[in-house]
Each structure stands twice: as C-alpha cells, then as structure tokens.
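Protein chains: 2
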Amino acid sequence: MTLRDVAQLAGVSLSTASKALNGRTDVHPETRRRVLDTAERLSFKANSSARALHTGRTGTLGLITNDLEGRFSIPILMGAEDAAGAGEMSIFLCDAREDAIRESYHLRALLSRQVDGLIIVGSRTDPRPSLGHELPVPVVYAYAPSDSPEDLSVVPDNVAGGRAAVEHLVSLGRRRIAHIAGDRSWVAARDRVDGVHDYLTEQGLELAGGRPHYGTWSEGWGRGAVRAVIEATPDVDAIVCGSDQIARGVLEGLKGLGRRVPEDVALVSFDNWEPFARGSVPQLTSVDMNFEAMGRRAAQKLFAAMSGKVEQGVLTQPCRLVVRGSSIQGA
Amino acid sequence: MTLRDVAQLAGVSLSTASKALNGRTDVHPETRRRVLDTAERLSFKANSSARALHTGRTGTLGLITNDLEGRFSIPILMGAEDAAGAGEMSIFLCDAREDAIRESYHLRALLSRQVDGLIIVGSRTDPRPSLGHELPVPVVYAYAPSDSPEDLSVVPDNVAGGRAAVEHLVSLGRRRIAHIAGDRSWVAARDRVDGVHDYLTEQGLELAGGRPHYGTWSEGWGRGAVRAVIEATPDVDAIVCGSDQIARGVLEGLKGLGRRVPEDVALVSFDNWEPFARGSVPQLTSVDMNFEAMGRRAAQKLFAAMSGKVEQGVLTQPCRLVVRGSSIQGA
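Here the protein sequences line up with chains A and B, keeping their order. Just so you know, the numbering used here puts the end of the first sequence at 331, numbered straight through with nothing missing. Just so you know, the numbering used here puts the end of the second sequence at 331, numbered straight through with nothing missing.
Just so you know, the hints here were simulated from the structure itself, not pulled from any lab data. One should not assume that every hint holds.
[As the list claims (entries may be wrong)] Footprint (simulated), chain B over chain A, 3 or more residues, beta carbon under 8 Å:
1) 63-71
2) 108-115
[What the hints assert, rightly or not] Dumping the calculated BS3-like pairs for lysine-lysine here, alpha-carbon to alpha-carbon at most 30 Å:
3) A:Lys-309 to B:Lys-19
4) B:Lys-255 to A:Lys-255
5) A:Lys-19 to B:Lys-309
We put the beta carbon where it would ideally sit given N, CA and C, even for glycine.
So here's chain A without its partners, still in its complex pose:
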C-alpha cells in the first residue's frame, strides 16, 4: 500500500493524504476521516492479499445455500467452521433461494472475493445441476448431490436411517410395524422407505398393511394417516414416521384414539429437529442426519482438494439414532 494508492482512492491530493495520515489539523475533519478510512480499508486488503500470496489461501470459504429455513445450512455452516478450528476460517453464507440466476450472482461475488473453496447446500437430497468444472476453486456439494459424477458430494444416508429406525423397533420386539412416510416425490422419503423395507425383508417381516403410506411432510398428514392405519391394521404395535413433524401428528392422533405411546404403539421418526422432537410428551426417538458432521466433512474434503487431493463421487454421511420416550418408556 502506497500513499499514492490512498490518495487516489480517497480522491485527495498526495499532500492532503499525507497531512491527514500524520494527524495535522489543517485538513477538514471529513476529508481526514475519508483518508483514514481508505487507508484502513487498503490495509485490511493488503494484509489479506499478502496472506493469500504467502499461503495460497485467504482463510475464507463460500457457502451457497438453497435451504430457505436454514435448518440444514446453519448446522452445516457450523460444522464446516469447526473443521478449520475456531477463529481460523470465516465462511460466507449466501442464500440462493433455489434460483439459478441468484446462485450464479452469488457465485461470482464469492469468487471475486477470492474464497478458497465453495460448499453448495441443497434444499433436498435430490440431485442438483453441477456448477461445472471450470471454477478456479474446489467445490463440495452437501445435502443435495451434484448430478455430475466428476464432482464430490456429501449427502445424508437416508437408506441407513430407514434401516436404523426399523431395526430399533424390531430389537424392542415390535413386529406389526407401519410406515407413515413423507412426500413420495422426494428422494429422501423414498430412501427411508427403501431402508425400512430392506431391513424388514432381511428379517422375514413386512410392513403392516403391506406398503408404506406416502403423504406430505406435515403434522396434519400424520394426524390423518394414523387414523386410517389403525382402522386398516388395528394390531399395529409400532410406526416409523417420515419426519418429526409427521410423528407429532401421529402421536396426537394415537392419543385421540386411546392408544398409549410407547406401551401400545412405539414411534421412531427422522430429523431430530429438537423443537419438535423434544417438545412432545413423550419426546420423540428420532434419526439425526448429523448435519454438523456433514459440514465438517465437506470442509475437510475442500481442504484436501486445495492441497491437491481431489476426490469425486457421492459420500454418504452416517446418521445416528437418538432414543427417547416414544420408543422406550422413560428413556
């Protein structure tokens, strides 16, 4: 940074810039403030650019999200920050709102600030278009996989989640298990159904009623569907619910029908979204998709790519079952 840079950017003469920086009083206070501000900005920038030249890194990642509620992207952001150690890394999150033009604008803005890498977070686990392979920094896709096999993606393992949910219920001795699932048009709903189905088949069992019940990701769906399930298969002793919200509706419906949870009917759901999973009586046993771990892993893969270790393909992030009172009394 030279005096000339400061003077030019602040729009003053060299001598005015010099006076201002040396604290002389024969400069208008506003002019002085402008010169000092400019110097500070250039200094920040010089520091940051010098660091970038030295290490090849700026200590900054970009995260573009399409998750309008922040439910996935905030924990993924926190996990990614933790991967770098506290205070070592800033991550800039931009919200693209599932709009390709907005996404491309944010992408350009982040690249022009020379971020070291990009994490792209989708709103659902269905594949999304690749950003291509001409970007100047590495990219990792999280939650939603890229549709290009040349990209690297980290996604939740919903099939394993479905297995874990129903394995837990079978281990508790439940055998007449129904599945009130989410929206069939989402890969996540179908993956969970596949996991449930695979495990039951391996055990020589099948779903109560012979098939899953697809609907929407809402309490209202759970509330209505459970009446139909109990009517069709009154001896049901467990229900796998496609999300915590669905499970809240199922729980309320069962209470209305005089069925005790978990004594008569045990429940397991997905997401472990705490406001819902821990707000009910009993609290919900739920499969946590480990978003923070997904964010950490995405960031670690970015760091590896920056060091030249480039990977491709889709990595699945293991989930974990959080056991509470809806499946085991008093848990």
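Dock chain B against the given chain A, drawing on the hints supplied.
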C-alpha cells in the same frame, strides 16, 4: 491485470504463462490449468475492483448473526437482499455464535473483502455491545439493538405486539385473560408483558390472577402452566402465550382439561413460526414480528448511510397479527 501478475501468482515463468494462456500444447496440463485458474481469479478480482473504484461500492453487504437456529437471520437476510432488488446485491452471512472473538474475526474477514456495509443480528432483543464508531463502513444493528445511542438499530416492537395480541382478544369480548409468558430474563418477554398490561389498564381491565406467569420458551412450560392457571382462575376465557411453542403446550393442556379452543378459551401467541403456528388444530393466531421487513429496512438504512444520510437511535419495526382458528372459530 498483466501477464506478469498471472505468472507471479501462478509461480511460473512469463513465457510459460504466455504459452498456457495462448493454448499451446508444450505446457504440462496441470501447469496450464493453474495458469488459467490464476488468470480467472485475477480477472474476477479486477472486474470487482474496477467496479468498486467506479461506483464506490462493491455490491456486497456483510451480515454477522448470533442466532444459532437461523430463525431470525435467514428471513432478515432475505429481506435485506430484496431491498436491493434481485441480483443487485450479494449478502455474506457469517455466524458468530455469540462469541466476541469469533465476531471480531468475521468482522475483519468481511472488511478485508471490502463489503459496503454491515448488518449485525442478535439472538435476542436485549442490547448488545456496539462495534464502535471507527469502522470504515456503515453498520446497522437488527433484532438486538446496539448499546450505543450513536448507532442505528432496527428492533421488533414487542410492546406493540403485546398490545395487539390482547386488543384482539378484548375485541372478541374476552375479559378474563391470562398471560403465560416466556423467560423473564429476556427483554422480549418483559416487553410483551408490558404491552399486554398497558392495554388492559387503558381498558379498565387486569390480567386474570393479577399477574403474568413467566417461565421458559417451551411447550413443556405452556403445558404445565396452563393447569395452574385453570386451577387458580377457572373462568379464564383467553390466554396470551409468550411464543408459538408455549401456545402449543397450552393448547394441548387445555384439550387434556376438556376445554375447547377457541370456544371456551381463545389463544393468541407470538412469532408466527409457521411449522408450529400452522401445525396444530386449530392453527394459532400469532403476532408476526416481520423479520423480512426488518431486514429490508436495515438494508435501506445502510444504503442511506452509504449516501451520506446517517441516522442514529433505535427504530421499532411494526408487527402484524395473523388471525387463525385459535382465537376465532373457523378462521
């Protein structure tokens, strides 16, 4: 951007850089890729810097949030983006997790990328420490006000929210109104209580039981508190609930006690957090704190400050009542 810049940053000779950029084949593919990447990065940066010199702006704001769930910050972010028109502005969100060191690190990272202004979002409406008045760009505080009267803050109007909630109930003919509030240590809880109290006093009324019931921001608190309220004042005909989550607990508790909502007891809550407010039967009448409008206003005030129109003090953002079935049957 000169060829020398590219060669230097890519760590190659001038002639190698020239060959790579001209598509010659006598350069190792990896070297060629590195040179092209470097040129692209410098080009992005040159474009962005040129624009900054021309307009004095970079088209980028920073938003530092301390809201761990993203419930306030994502809608505030979206509102701020909308203030600039689609595609005109990128906002970089950083998550400080209520940690001053992390906040200062993000602040430095954003300033080094020459953002045009900063929005600082708190996790609650209690005042927070000012970032001071030496920053090179304007700052607006949103949700949590700065503790310095020289700063500009935009905060939700929780007192008006409390008034709106109870005014609605009084307008429906309810007179024996209880208030199951949130955590007393939060300014938001006390502000809502003040608004409820002020309006009732103006109408010559007082709270059923003579005082509000402070607790926690949870369903469990609502569920337990409503039993005590009904026991102490069995003729209660309406309850103002400190949040949607509290209201969900109150609703469940009332059903358990055989009271119909809204016929016997009408409910109004705060936040209009849709997964909770719209998941129940009946759905919740709730005071929406207008986070998107708050974000738009914060951004508009930043743009004004960039143009030299600097304001100070605390602006309150009006709220709006969203009427649903918990206060008016069939609404």
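Does the alpha-carbon distance linking Lys-309 (chain A) and Lys-19 (chain B) stay inside the 30 Å limit? The hint holds at about 26 Å.
Between the alpha carbons of Lys-255 (chain B) and Lys-255 (chain A), is the straight-line distance 30 Å or under? Roughly 11 Å separates the two Cα atoms, so the pair holds.
Quick check: do three or more residues in the region 108-115 of chain A have a beta carbon closer than 8 Å to a beta carbon of chain B? Satisfied; 7 residues make the cut.
Coverage assertion for the region 63-71 of chain A with respect to chain B, Cβ distance below 8 Å, three residues required: That given contact holds, which follows from 4 residues of the region 63-71 of chain A lying within Cβ reach (below 8 Å) of chain B.
Against the 30 Å threshold, does the CA-CA distance of Lys-19 (chain A) and Lys-309 (chain B) hold or violate the hint? holds (27 Å)
When held up to the earlier numbered hints, the structure conflicts with none and fits them all.
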